[in-house]
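Undergrad: Given chain A's structure and the hints, the job is docking chain B with the ligands onto it.
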Amino acid sequence: MVVVKIKDLPKEKFLLPGNTSCQGCPHALGLKSLGMALGDDVVLVVPAGCTTIIAGSKDKSSFKFPCLHVPFASAPAVATGLGSAFRRLGKKGIPVVWMGDGGSDIGFATLSGACVRKDDMIVIVSDNEAYMNTGIQTSGTTFWKARTTTSPTGKREEKKDLALIMLMHKADYVATASVGYLQDFIGKLRKASEIDGFRFIHLHSPCPPGWGFDSSETVEMARLAVKCGAWILWEFDGKFRISPMSKPYADKSKRAPLTEYLKKQRRFRHLSDEDIAEIERRIDEQWRVVLALEDVF
Amino acid sequence: MKKVLTGNYAVAEAVKMARTEFIAAYPITPQTTIVERLAEMVEKGELNADFVRVESEHSALAAVYGASAGGLRAFTATSSHGLLYMYEMCWWVANSRLPVVMALVTRTIGPPWNIHTDHTDLLTLRDSGWILAMSENAQEAFDLTLIGFKVAEQIDLPFAVGLDGFQVSHTAEVVDVPEQSEVDEFLPERRRNKPFVIEPRNPITVGGLTTNECTMILRREMNRDMEKVGDLVKNAGYVRDYDLVERYRLDDAEYVVIMMGAWCGDAKDAIDVLRDEGVQIGMLRLRFVRPFPAEEIAKLDCKKILVVERDCSVGKGGIIATEVKSVANSPVQSVMAGLGGVDVGVDDFVSMFRRFVKGELGEWWL
Ligand SMILES: Cc1ncc(C[n+]2csc(CCOP(=O)(O)OP(=O)(O)O)c2C)c(N)n1
Ligand code: SF4
Ligand SMILES: [Mg+2]
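In order, the protein sequences belong to chains A and B. When the letters of the first sequence are read in order and numbered with my numbering, they come out as residues 2 to 298. When the letters of the second sequence are read in order and numbered with my numbering, they come out as residues 19 to 384.
Keep in mind that a hint or two might mislead.
Claimed, not checked - Per label pair, the in silico range of CB-to-CB distance:
#, chain 1, residue 1, chain 2, residue 2, range
1, B, I133, A, L90, 37 to 47 Å
2, A, D215, B, E106, 32 to 42 Å
3, B, R210, A, F298, 54 to 64 Å
4, A, D42, B, G358, 48 to 58 Å
Stated by the list, open to error - If you only want the chain A side, here are some residues facing chain B, beta carbon under 7 Å, derived:
#, residue
5, G40
6, D41
7, V44
8, K65
9, L69
10, T81
11, L83
12, A86
13, K92
14, F109
15, T111
16, T150
17, M246
18, P249
19, A251
Derived from the structure by calculation, the hints contain no laboratory data. Note that the structure is a prediction, hence the values are computed from the model and not measured. All C-beta atoms in this analysis are idealised placements derived from N, C-alpha and C, irrespective of residue type, glycine included.
With the rest of the complex left out, here is chain A (with noise of 0.2 Å):
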């Protein structure tokens, strides 16, 4: 684990203030973060998607990184091409995939040939539950029961697990992160860049506006993830780890209580006792499937 202190942090700002975000954006923290942790070696390939949006319109860029915008599916390919540019050209860069889950929906096909060549980059799916930019629909990634526009009674699949599938893809870092902990992104993204081929980055993205909850409590609801146990903070680059955030909560009487990050929400306000349950099972079981690869790898 690379340690990350605050006051070592660059100062150098690669989001600019004043972009188009909403107010409590996950994704605006994700990216100020991804500055910090390798500023100028950036080079950002940002599919359609909220994104697109807080990259900013004509000349008013948001971004200090070199950025360019992609078709929906094709993003890792895009920057398959570019990284043999760099290569080629001798220069010094990381071409860096920004997309959310509904990208890894439809260029899902495009993700697994990527990390099956290991071609070179850095992938960051910025998980906020839903395709957000075209207004809050169900994807992969919705947390089971969720309510979203094309699920107004709640989403009725399995909230896909995208880490441990890249995981299974054999890629050469694989990492799940949160907006929550984002010295701990930071330091991910710092060990993922010193590793050479395909490295994959989910990263927990609880959104204001599509989830249902205050813009002040961004952090918090990520944290809560953490705590409830709903989202678990892990590594693998070569040997995989459950990162120390996470760590107390395999015991599950350290957990807060899952209602508390649940209840918090717009999504989830219909959920019956009985839904909570359920959910809390299959939180248990997905701790018995992490621990379990903690012994495996």
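TA: Just chain B with the ligands now, with coordinates in the frame of chain A:
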């Protein structure tokens, strides 16, 4: 130097001689042997390029797009369903004004599954902003690939080289291949920062939101620049001269046939037969669909024009005929033939052209 090459191998040879730096493609009949050959060249060290085995055509052009945006000379190749699968990227590349070159080995679009040639796939690119060339034989496929890189890099528009599936792609012919030194002189290294370059520590943003006027200005400029392509092709300085069209026995022609692609060879034989019978007939062969050779067509001074094409815009008919009618100064007749690879040989063309001259030809040849 003369070499015996299939159309696909001729394209691969041209890509090699262009010193292409990045290739990404996905197999589809009848395009596959282009990428197989290129993969072999890269593995053997004959070509110093990155060859990426992508998982789809969408990703093939996406990777090529990234490489080209990063400053590399980049190439892909596909056919039919592969082209449709990468269609979104085709427009993205065009509007980004990146000088990508693609070989399009024409093939029917299914269902029913059909691997034989027609020109419907190529024509789906018509409005996108790609320069669209259609070769008649392996020599042209070779030459147009090299000219493609040159012109694309001069005008910042992507260039597609069409060649008929099997008839050109898999038919071995003698191809006159220039010396590498001649190609190097003709085609210097790509200017890497044109039209822009994405690189570390150069914080520009490309392709993001902008004003509506920006989009309109972009399309207007692309349209304007496309009109310059004819002159660039004519003055390319290649070892052989090229033009947007080929004129075959046209000088005194009262009847003019307009076509494109491999079957023009058979059609020319048929024209010779009719000429021997005293019919003053000739051909204007379209070597390019975009830019559209409007001037060359408008100049035709003849009794009537016949457009023979292997495509159909359902609800409107022959696509090329519709375009020819919009610029021609003589009456235009349209016939759709050879769709789905239906064979049309010299004898067919002889009777087709006779009927045309007599005014007895219908719209469909089947
Ligand atoms: C091929 C294609 N289909 C649909 C869209 C419309 N679209 C734009 S962004 C988006 C959803 C983005 O969701 P996600 O990737 O989760 O990013 P977020 O907006 O949540 O940050 C969709 C469906 C598109 N741009 N391209
Ligand atoms: S909808 Fe959510 S993810 Fe999108 S810009 Fe607003 S806060 Fe950020
Ligand atoms: Mg999303």
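Undergrad: Any of the earlier hints contradicted here, and which numbers?
TA: When the structure is compared with the hints, numbers 3, 5, 14, 16, 17, 18, 19 turn out to be violated.
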